[in-house]
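Student: So the chains spell out like this:
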Amino acid sequence: MTRTAKPSFALLAGAAILIAAFLTGIAYLVIESLHTGSGWGLDNFAYFFSRSDYVAVLNRTILVSVLATLFAALIGYPIAYAIADYKGNRNFLMMLVIMPWLVSVVVRTYGWVVILGPRGTLNSMLLSWGVIDTPLRLIFNMTGVVIGLVHVFCPFFIISVLSVLLHQDKSLREASQTLSAGPIRTFFNITLPLSLSGVITGAILVYLLSTGAIVTPLLLGGVRDGMLATQIYQDVLQVFDYPKAASMAIVLLLTAFVLVIPLQWLERRVAARVSGRGE
Amino acid sequence: MRKIRVVRWGVAIAALSAAFTVTHAQEVTMATWGGGVGAAWREAFAEPFSKETNINVKIVEVPTPEAQIRAQKDAPKFNAAISSLFEAAQMYNDGLLEDFDINDFPALKNVPEKYLLKAPNGRLIGVSTYFAYYGIAVNTDLAPAGEFGSWKSLGDPKWKDKLSITRPIYSSAYDLTIMSVAEGGNERDIDKGLELLKKVAGNALAMYSSMAQMNQLLQRGEVAAAPYYSTRVWQMKRDGLTNVEMVVPKEGALMLPYLVVVPKNASDRESYMKWLNYVAQPEGQERIADIAGYLPLNNEAKLSEEAQKIIGKPLTELRDSLYQPDWNYIAEHRKARIELVERAMADAGRK
Chain A
1 MTRTAKPSFA LLAGAAILIA AFLTGIAYLV IESLHTGSGW GLDNFAYFFS RSDYVAVLNR
61 TILVSVLATL FAALIGYPIA YAIADYKGNR NFLMMLVIMP WLVSVVVRTY GWVVILGPRG
121 TLNSMLLSWG VIDTPLRLIF NMTGVVIGLV HVFCPFFIIS VLSVLLHQDK SLREASQTLS
181 AGPIRTFFNI TLPLSLSGVI TGAILVYLLS TGAIVTPLLL GGVRDGMLAT QIYQDVLQVF
241 DYPKAASMAI VLLLTAFVLV IPLQWLERRV AARVSGRGE
Chain B
1 MRKIRVVRWG VAIAALSAAF TVTHAQEVTM ATWGGGVGAA WREAFAEPFS KETNINVKIV
61 EVPTPEAQIR AQKDAPKFNA AISSLFEAAQ MYNDGLLEDF DINDFPALKN VPEKYLLKAP
121 NGRLIGVSTY FAYYGIAVNT DLAPAGEFGS WKSLGDPKWK DKLSITRPIY SSAYDLTIMS
181 VAEGGNERDI DKGLELLKKV AGNALAMYSS MAQMNQLLQR GEVAAAPYYS TRVWQMKRDG
241 LTNVEMVVPK EGALMLPYLV VVPKNASDRE SYMKWLNYVA QPEGQERIAD IAGYLPLNNE
301 AKLSEEAQKI IGKPLTELRD SLYQPDWNYI AEHRKARIEL VERAMADAGR K
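Chains A and B supply the protein sequences, listed in that same order. So the first sequence is residues 1 to 279, counted in the working numbering. So the second sequence is residues 1 to 351, counted in the working numbering.
Calculated directly from the structure, the hints in this document are not laboratory data. Bear in mind that the values here come from a model prediction, so they are computed numbers and not experimental data. Hints may contain errors.
Claimed, not checked - FRET-style restraints, in silico, Cβ to Cβ:
1) A:Trp265 to B:Ala67: 35 to 45 Å
2) A:Ala16 to B:Gly221: 50 to 60 Å
3) B:Ser304 to A:Leu237: 33 to 43 Å
4) A:Ala46 to B:Arg188: 28 to 38 Å
5) A:Leu237 to B:Gly312: 28 to 38 Å
6) B:His333 to A:Trp40: 21 to 31 Å
7) B:Pro120 to A:Ala16: 50 to 60 Å
By construction, the Cβ of each residue, glycine as well, lies at the ideal position given by its N, Cα and C atoms.
Given the sequences, and given the hints that come with them, work out the whole structure.
Tutor: Below, the structure is given as structure tokens:
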């Protein structure tokens, strides 16, 4: 009895510390965001929404994060599927996926300037082949930010999906094909629905990480491609306007919840359906 | 026997405490920016000062010295920091810096009055040491330097997507001021300057957020020109780059004096006062000019031939051609100016 009680208490204590730290942080942010020059109030939030350029930054943050999530899914799922299906040394492939994490995000992001910049490798090649007359603008705009975010965060999506695919019962796919379903039908009727929980988890991770990205938008964005996290960074570390920064952080958090809560609900429904509890 | 042992331990502890107190009392810990600034300070000032006085100087490179001073408001770990004038004025207004009697620093009599930052009570906010200037850096592979003889040329549509610009926090202090001067205004009269800045932002391919990023953009030829710091171009030229030039437009460049400030209630006054006196002397200022291109504010300082060759004209002539705004005014209106520039940049390039 004692043996089983101790680990569960330890787990509970760990979770409690995490939740307490999270709630303390949120409480601090809320209190700070309500500070005004003369007392307390919602002035910082009113100011944020009165600034059309800030609202544009918020909208851009959501759009860029959604696009990054979408492209991470489109690129990451086939990679995860290929690794799960690989008969050889799967660990080696997984290592290749996570290897970019060994390099600083700043260095990785600078790499894109060298490849995609107006004087980068790709533009130089296309110009020398006569394919284009003037360099394509592939970075220092929203496209560049999305490319950079997908590159940095795609491994999170791959790992989320891979962990689900690796636990799928392969006999279900074999049964489907025995019942004369082709590989495409089997994929859409069996593999994809059963891996949806991984897809949703991966999407939540990539979306949340994208909304909080600072380095990539700074290095690959243009003059009008700032995101909310970069604005918060500037207000904390350069303007030192902590109440304003806190109010923007709260706005970012609430925006994230608007997308993440329905996704988590969907994830629970999918999980219940897959396990048969939702039938 | 036991008594003797206790006494020995007591003596040892007292000696250790005394040693610690002495070490602690004889130290200057100074915050500087990174990107080579810290290394230059060590070589030009810290090492010679330590040899001369036996006071250890620890130079700590941080992303923003101002952020450190603000974060350590109640318990400062630094007893010196490098700062620009507008940042120092803002910090002083927020009660974060010590002020001084100018008579405590005899070497400052050789620094022109307009480069000293004074509080409303007439006391000195830090010790002005050297200056850089803010002009136009040009990649001469992409455009002749003569194309940027005026700040207004940056607003020409032919430079669309060929320029870079700094972030609103700095452009609101630097670019907005000098572009207003170019348009016949000054740091107070900024309407026309803001319009010019909006045009420049509309032409900008990228907004640089660090010196390393801007150096890369310029060296790789991703951009043809940008409002930039003279010291960075100096360092690129010193490193052998021949295709980067610094232009002082006909309306003048912006004078950027730097000073060493002391956080409020910083420890070890005796050491930091010696240090402040040392950095006001011409010798260290001459050394840092050779190392990093920061130019002396002390009139007694003489530039080496090599340094003189890089700036291309007598130091006093260069200094007199630079525009020195009222940094206290800029600091007082910092937030409003940042908001103006943020809005202008958001609108930039829109038809």
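Student: Give me the numbers of the hints this structure contradicts, sorted from smallest to largest.
Tutor: No hint contradicted; all consistent.
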